[in-house]
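Visitor: Chain by chain, the residues run as shown.
Number of protein chains: 2
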Amino acid sequence: MNDMKNVMVKMGLDAWNGYLNRTGKLFDELSDEQLNNEVSPGRNTGIYLYGHLIAVHDSMLPLLGLGEKLYPELEQPFIKDADKSGHTFPVASVLRNYWKEVNAKLATAFATLSADDWFARHMSVSEEDFKNEPHRNKLNVLLSRTSHLASHYGQVVFLQGKSE
Amino acid sequence: MNDMKNVMVKMGLDAWNGYLNRTGKLFDELSDEQLNNEVSPGRNTGIYLYGHLIAVHDSMLPLLGLGEKLYPELEQPFIKDADKSGHTFPVASVLRNYWKEVNAKLATAFATLSADDWFARHMSVSEEDFKNEPHRNKLNVLLSRTSHLASHYGQVVFLQGKSE
Chain Z
395 MNDMKNVMVK
405 MGLDAWNGYL
415 NRTGKLFDEL
425 SDEQLNNEVS
435 PGRNTGIYLY
445 GHLIAVHDSM
455 LPLLGLGEKL
465 YPELEQPFIK
475 DADKSGHTFP
485 VASVLRNYWK
495 EVNAKLATAF
505 ATLSADDWFA
515 RHMSVSEEDF
525 KNEPHRNKLN
535 VLLSRTSHLA
545 SHYGQVVFLQ
555 GKSE
Chain W
395 MNDMKNVMVK
405 MGLDAWNGYL
415 NRTGKLFDEL
425 SDEQLNNEVS
435 PGRNTGIYLY
445 GHLIAVHDSM
455 LPLLGLGEKL
465 YPELEQPFIK
475 DADKSGHTFP
485 VASVLRNYWK
495 EVNAKLATAF
505 ATLSADDWFA
515 RHMSVSEEDF
525 KNEPHRNKLN
535 VLLSRTSHLA
545 SHYGQVVFLQ
555 GKSE
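Chains as they are written, first to last, in the numbering used here: chain Z, 395 to 558; chain W, 395 to 558.
Bound conformation, chain Z alone:
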């Protein structure tokens, strides 16, 4: 049983790390000026999507029972509110640092999880409900956040080649 669980966890982590590395590399290659552009006319800016992904990944820490958020102040401007809602965003260099910190903390925490831990409930489902819905586990959060990340990766890539 545990062998098979390990295989499944590897599948989930490989997919997550694949998109996380691609997206991190993409943000690294974009200049601060490029990040200020909209990914498509009238759509979100690169800087908003950067903060959005950091905030969503930061919120995985409590959701997976791995600790408190590092930057809870990002939730309002980058998750609850849309881009261009009047918030002053952190400058790009600050977000570049936050990206590294949040994803490093996640990676360190993931390394402490056993395969059984990954198949245990996440923190938004009760023990009661989890008995009937065992798919609502931590690994499912990772799968879901991987697709979310991929959907925004496909947008941020449009900033490549935009004027610096």
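Simulated from the structure, these hints should not be mistaken for lab results.
Heads up, the list lumps identical chains together, so a pair's fine if it works in one copy or across two of them.
PhoX-like, lysine-lysine: derived pairs with alpha carbons at most 25 Å apart: (1) Lys556 - Lys478; (2) Lys399 - Lys525; (3) Lys494 - Lys404.
Once you have looked at the hints, place chain W on chain Z.
Guide: This is chain W only, laid out in the frame that chain Z set:
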């Protein structure tokens, strides 16, 4: 063991069906004229991404050992070649039908797979290699194609609100 495999298969299928339904609904709501627009200036057109996703999903049939491709002629214009390579694409109404046919065939075939089948090798890995790399299974193909679909969903959504 099989209980856990079933849970994992449900996780994978839920994620796939979630993005597939969202993307199918999005294409349905876009007019033929909107599909002719680029998703962002200088980027792929909606019609190219429509054909690309159909062709990639069609190629899942042989890769998962579920049969031959329905529309092998889509591979050259929509996978091997980039948009604007000089191909005359099928008109939108034809692609709308192809989308339904390919995804219906996949859904029917998926329904025949047991949890053990999903954890068996896909057709691009040898039995020999699979012994050492058991994550290279059919379910992993589904996870990978879900992220691929999500990355393009995030782009096609930009066609909403474009001029008809």
